[in-house]
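Chemist: Got chain X; can you put chains C and B on it based on the hints?
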Amino acid sequence: MVRLIVTRLLGGVFVLFVVATVSFFLLRAAPGGPFASERAVPDAVRRNIEERYHLDQPMWQQYVTHMSRMARLDFGHSMKRQRTVNEMIADHSPHSLRLGLMAIVFATLFGTALGVTAAARRNTWVDHALMVVALLGISIPAFVLGPMFIRFFSLELGWFPPARAEGFTSYVMPAVVLGMIYAGTVARLARAGVLDTLGQDYVRTARAKGLSERVVVWKHALRLGVIPVITYLGPATAALISGSFVVEKIFQIPGLGFYFVDSVTSRDYPVLTGLLVFYVSFLVLLNLVVDILYGVIDPRTRGGR
Amino acid sequence: MSAATTTTAERRHSPWRDAWQRLRKNRMAVVMGAAFATVVGFCFLGPLIAGGFGLDATTIDITRGASSPSWAHPFGTDLLGRDMLVRVMIGGRIAIMVAFTATAIALVIGVTWGAVAAYAGGRLDYVMMRVVDALYGFPTVVFVIVVMAVFNTKNIVVLFALIGGISWLTMARQTRGQVMSLRHREFVEAARATGASPARILFRHIVPNALGVIIVAATASLPSVMLTEAFLSFLGLGVQAPLASWGTLVSEGSSQISVYSWVLIAPGVVMGLTIMSLNFLGDGLRDALDPQTRKD
Amino acid sequence: MAGAATRLSYLPMRHSGKRLGSAGALGALGALGLLAACGLPDGEYFGPVPEVRDPRHLHFCNSGQPESLDPAQASSTTAMPLVHALFDGLTIYGNDGHPEPSLATSWDIAPDQRRVTFHMHDQGRWSNGRPVTAYDVAYQVVRMLHPLTASPSADGLDFVKNYELFIEGRARVLITDAGGLSAGTIVEVTGWAGQTVAEQTAAKHKLPDSNLRTAGVALAVRDLGAAATAAYATVPAGTPVTLIELSGRPATLPSPGAEPWAYVHWNRGDGVFGWVPAAELDGQPSAEVVYRVRPVAKKHVPGLDLPLAELADDARATRAEVDVHGRDLLALPEVLGVRVPDPHTFVIEAAAPTPHIITASPKRVLRPTPREAVSRRPRRWAQPGTIVTSGPLHLVAAEERDYLEMVRSPTYWEQADVKLDRLTVYSMDDQAASANTYFTGGCDANRGNNVPTSYLPVLSGGKRGGKPYADYQVRPYLGVYFIMVNTLQFDNVHLRRALAFALDRTLIPRVLHGGQFGVASYTPGTPIARLSDADLATCGVGRDTPGVAMIIEPGVLCYVPPPGLEFDPVRAKQELALARQEMGAGFPTTVVYKFNTGVEDHKLIAEYVQAQWKGVLGIDVSLESQEWQVFLADTRKQQFQTARLGWIASAADPESEFARLWRCSSPNNRPRWCNPRYEALLDEAATMTDRKARLAKVREAEAVMIEEAPIIPLYNYTQRHLQKPYVRDLHINFIDEPPLWRAWLDPDWKAHRGR
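Chains as they are written, first to last, in our numbering: chain X, 1 to 305; chain C, 306 to 601; chain B, 602 to 1356.
Misleading hints may appear alongside valid ones.
What the hints assert, rightly or not - Derived CB-CB ranges, DEER-like:
{"no.": "1", "chain 1": "B", "residue 1": "Asp-1092", "chain 2": "C", "residue 2": "Ala-342", "range": "50 to 58 Å"}
{"no.": "2", "chain 1": "X", "residue 1": "Thr-65", "chain 2": "B", "residue 2": "Gly-1247", "range": "35 to 43 Å"}
{"no.": "3", "chain 1": "X", "residue 1": "Thr-65", "chain 2": "C", "residue 2": "Arg-490", "range": "32 to 40 Å"}
{"no.": "4", "chain 1": "B", "residue 1": "Glu-1308", "chain 2": "C", "residue 2": "Asp-366", "range": "31 to 39 Å"}
Unchecked claim - Here chain C is said to cover these stretches of chain X; the calculated rule only asks that three of the stretch's residues, wherever they fall, bring their Cβ under 8 Å from a Cβ of chain C:
{"no.": "5", "segment": "87–100"}
{"no.": "6", "segment": "131–137"}
{"no.": "7", "segment": "143–153"}
{"no.": "8", "segment": "164–172"}
{"no.": "9", "segment": "276–289"}
What the hints assert, rightly or not - Only part of the chain C face toward chain X is listed, based on derived beta-carbon distances under 7 Å:
{"no.": "10", "residue": "Ala-342"}
{"no.": "11", "residue": "Arg-435"}
{"no.": "12", "residue": "Asp-438"}
{"no.": "13", "residue": "Pro-444"}
{"no.": "14", "residue": "Ala-454"}
{"no.": "15", "residue": "Ser-486"}
{"no.": "16", "residue": "Ile-562"}
{"no.": "17", "residue": "Ile-580"}
{"no.": "18", "residue": "Asn-584"}
Calculated directly from the structure, the hints in this document are not laboratory data. Here a beta-carbon is modelled for each residue, glycine too, at the ideal position from N, C-alpha and C.
Only chain X is shown next, with the shape it has when bound in the complex:
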């Protein structure tokens, strides 16, 4: 177990290094810069700006400076905003976290319920209908589902505010829209997982003991059946709590996801690198947690993969 953790953490550091390096050079390779605008500034002004942000230094020098700062967990200062990247992460990630957790809870509950029910009623019209509902989330992009929800539940019915994060109700619609994307996958995995375990010996035993189908499915088959769901939830959680550009934009939630795209389009170099490193660390950690969880849920896999 310790060995597993150490190896994975070392791999994680390597991955972080690659991500930081690639994003550093990739974004700088793109045309434009943080200070480009249609109103061209005179050369003298441009030179002063570049000097202030050290963009006039040779690339390797900028890289070394930046990487050594990152090693000290100082992600640098945004070139477009009056804040450090660390402050941005600290200020915005709570919003993404709140939204992401709500979405993941919704996706898990809704998806598992659909998937397991579908498995219990496999190959009936209930099964198919439920799976169609589950798949709606994956079949319709969030930027379509979001405006539809706003249009109907907010402008028409007035149940939820159409935008901005202010209180619990304002998170409901974005969380559902965001969660729908994941609920579909969760439902499919749960259905497949449960169907799989239904054929296993211990389930047959349970069935032979005369337990009702409901108990068999929800109590026995579910336990192992959700393993694929958990595997999936690891990286999905990392993605969810680091925010979603589309949902945060449509619903005007001040989360972190917005900046993943915004830092690219505005060429805010330190912000992109900082956010990616933050997100990938999350990803590495959550994958590790998932692997540890395996051992807890399914003792057979304990001690290795």
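Modeler: For chains C and B alone, coordinates are given in the frame of chain X:
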């Protein structure tokens, strides 16, 4: 984890035919497969027929502007008075082509990467999979914006390749998993004993046996590639105007939902149906092809 | 992962209607379609009108997150009205968008239009209680232009004497007699260490800073005249600091005692500025560097009044270069054309006649900033808690990409002018989110144009039987949308003219639905048909004159741009034939039109242009959309044939805001059009002091440009606003600078309707 038992000897029983039989019995998959075939026909043959009625996707009629569905324009017209029916058809062509091309590219890269990593094992495997991990960390947009900028093109082929280039990661992981479980099996050992080269063993013996998993992964990637393209269109990075993929149409339509709903409904329903049918088809294929089914 | 085993032999297969599944799929999608199908609710107003709870609290949906509230760093239209509500100016934008006296009660303009003297009252107060004085204005000018500030808006002051030299760090004043020049001479550095500036720059050597100083003791950095114990930063002995100002000189604060103090910058972290007694700065790292300098031209010498004719002679005279040492030189504020004769008089001097100084005076570049706050946290002072303001509103809270909270500033000098007690600004970067929030009553007013294009057909009534919502307004906006034609590739004037003649601008409002004014003339303005009678008289045109006019100074000055190449298919074809003849094989088979992604309008316009050029001229147009940054980089490098651009002015001046874009040396001249006659006309205009004659000359130049068609104007922008019927006195003016603090909410709006 249990593994495939499809050895060369067993192949004479034609597992593919078995799979086909199983797939045909899965009526949901059959219906959805038919739906997908219909959409393909609609998109690739439709414009030819519509052309006979004088409809095309690019003729602008500003004085008409957006008009709701009518006999002349069954799906209505968009803000510039272009016929939505043909635009949906043409958009479908692009979306489907993007999906298949990108998936093919992803397939080649992903299968090779995953198979080599698994077969080589050890340190190389570790490094190759960490590279996959690192790439997983990158948001799609970063790649697309930067690569488009570096090549300074919006050529549709580059777009295809790009989406393929970012979709192979899952494929690589799945192939690796499958190859790992196959590489020490008897038929591989047998091939090795005859002195076959690693490349030959890998691509003649192991990969064909992992084909089931690969096909399932490929089918699963089709809809996700379509959605990636739609997301890029939402960011304005999709195909060039006046071409429009479903992604473009849907992202344009979603902003007009309150005003000209048909601009969203037509492409939205067709695209949703396509993605859904591909998903069901994928599930059906997996059920049919997954070797595990034969265990019972 | 294991796959699903759907067929388990021991389970009875259930019979079921499988087709229901796919029917369900269609049904579910169809339901969502229906959900989408219902139109926006009907009504007199866009969304329900809530009760007014607090008539002195306005909720305002702004167009996004301001990048900064520091007048030196903010540059977006999003930030401007907020910056201008927080920081008072000599003049401010009035209700009509024209300058209005504020800190300055009056001003004198020198006859040669090269100097303006502002007379300030003594009522202005910073939010920390300190009076706002002319020194604060001078400090702002110096700060705007100082290389350490690196303000992107520095060129807003490009008329000031020695502007460019100062930004480049090459303007110096001699502090001792040296090289045959007397102390006090303003010089420019032309080289150092035996080489010219150009040679040194090519070798990537930076100009050694003669303002660097060190101290033998630790420096207690503090406010001017404060005790050393009140220091907020301590520079270790021997650490170099940059000297920015010396007290007691023509443009700087008087010294608190007999000895001058020095305002220095310590480059640590985000940097710290502050005052120290000048005598403590005894070390000078660049003292022995040999600089080659020459006196600046007479027209650049601050405080020197000379007849224009003499200045013209001087420009041709050669000025001798001499060698001096670093210890003889200092870059000080007095090298710039700013002077503070007394705490309530501010003088700004231009190198050439500059009639638009007053027109441009409300801009951020002349809004004083609080030195004490800037010094302590130069990059981040303009945030709640540390910000010190001088305007009607004060910032108390802010969450990025969420909201800003402002309250009435108790120290503002003109309390009667402030109707609001509280202003909540939501940073809505998504237009639909903004309009939707307005709809549900989340905000009382929506920033101009923060409405998605797709809502406009409904808002403007096109989809409601021609009945626009009563709370939707369209107003003129001082911006122009045009197509640039790369003259390096399309060097045939007939081809460009053909492209211009082929566009029917009257279709544009039907494409964009925003009431845009489709017109082929360049300099934007208000549609003449919508001018007041008084403005019509100023402009000297009749109401039925087509086109637009820019009111520069109400009642005094108006500019009617020369007519453009309006839609004329016959002439378009004639010009095309000529072009084909002249260009021969060089005639392009297709034309590429570039636009940037991210804004729906650009794509609609692109498709409209494509259809028009194809329809009228038979030219195939291929469209190319690019991400904004790539688009900017490409157009700047002339990697385009035709491309869109928009230009929005921040002051009503045709010459400085519009005409100069197409001068040969302009960094914004992306079409690379360089016309000797245009240059000559504008050069001539630049020397003129009579405003009317000068405008006539500018108009003549613009006509030359229009006929040559390096750009093809399409339309004048409009501002599309939503404000609830109870909102009063939110004055939306033609440069989108509403004085937000004057707005209020009328609880009895229903009774007052129709007033």
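Chemist: Please go over all the hints and tell whether each is borne out by the structure.
Modeler: Going through the hints against the structure:
The hint said 50 to 58 Å for the Cβ distance between Asp-1092/B and Ala-342/C, and at roughly 54 Å that hint holds. Against the hinted window of 35 to 43 Å, the Cβ-Cβ separation of Thr-65/X and Gly-1247/B comes to about 38 Å, which satisfies the hint. Against the hinted window of 32 to 40 Å, the Cβ-Cβ separation of Thr-65/X and Arg-490/C comes to about 52 Å, which falls outside the hint. The hinted range of 31 to 39 Å is satisfied by Glu-1308/B and Asp-366/C, whose Cβ atoms lie roughly 33 Å apart.
Residue count for the segment 87–100 of chain X with a Cβ under 8 Å from a Cβ of chain C: 0. That is fewer than the three needed, and the coverage hint is violated. With 4 residues carrying a beta carbon less than 8 Å from a beta carbon of chain C, the segment 131–137 of chain X meets the three-residue requirement, and the given coverage holds. With 6 residues bearing a CB less than 8 Å from a CB of chain C, the segment 143–153 of chain X meets the requirement of three and the coverage assertion stands. Only when three residues or more bring their CB closer than 8 Å to a CB of chain C does the claim for the segment 164–172 of chain X stand; here the count is 0, and the claim is violated.
As drawn, the segment 276–289 of chain X meets chain C at 5 residues by the rule of a beta-carbon pair under 8 Å; at three or more, the given contact holds. The beta carbon of Ala-342/C comes no nearer than 18 Å to any beta carbon in chain X, farther than 7 Å, and the hint placing it at the interface is violated. Annotation: Arg-435/C was flagged as interfacial toward chain X, and the flag holds, the nearest CB pair being 5 Å apart, inside 7 Å. Checking Asp-438/C against chain X by beta carbon gives a least distance of about 5 Å; that is within 7 Å, so the hint holds.
Because the closest C-beta pair between Pro-444/C and chain X is about 5 Å apart, less than 7 Å, the hint holds. Hint status for Ala-454/C relative to chain X: holds, with the closest Cβ pair at about 4 Å, below 7 Å. Restraint check, Ser-486/C versus chain X: the minimum CB separation of about 12 Å is more than 7 Å; hint violated. Hint status for Ile-562/C relative to chain X: holds, with the closest Cβ pair at about 5 Å, below 7 Å.
A distance limit of 7 Å between C-beta atoms decides the matter here; for Ile-580/C the minimum to chain X is near 4 Å, and the interface restraint holds. Checking Asn-584/C against chain X: minimum C-beta separation of about 5 Å stays under 7 Å; hint holds.
The earlier numbered hints that this structure contradicts are 3, 5, 8, 10, 15.
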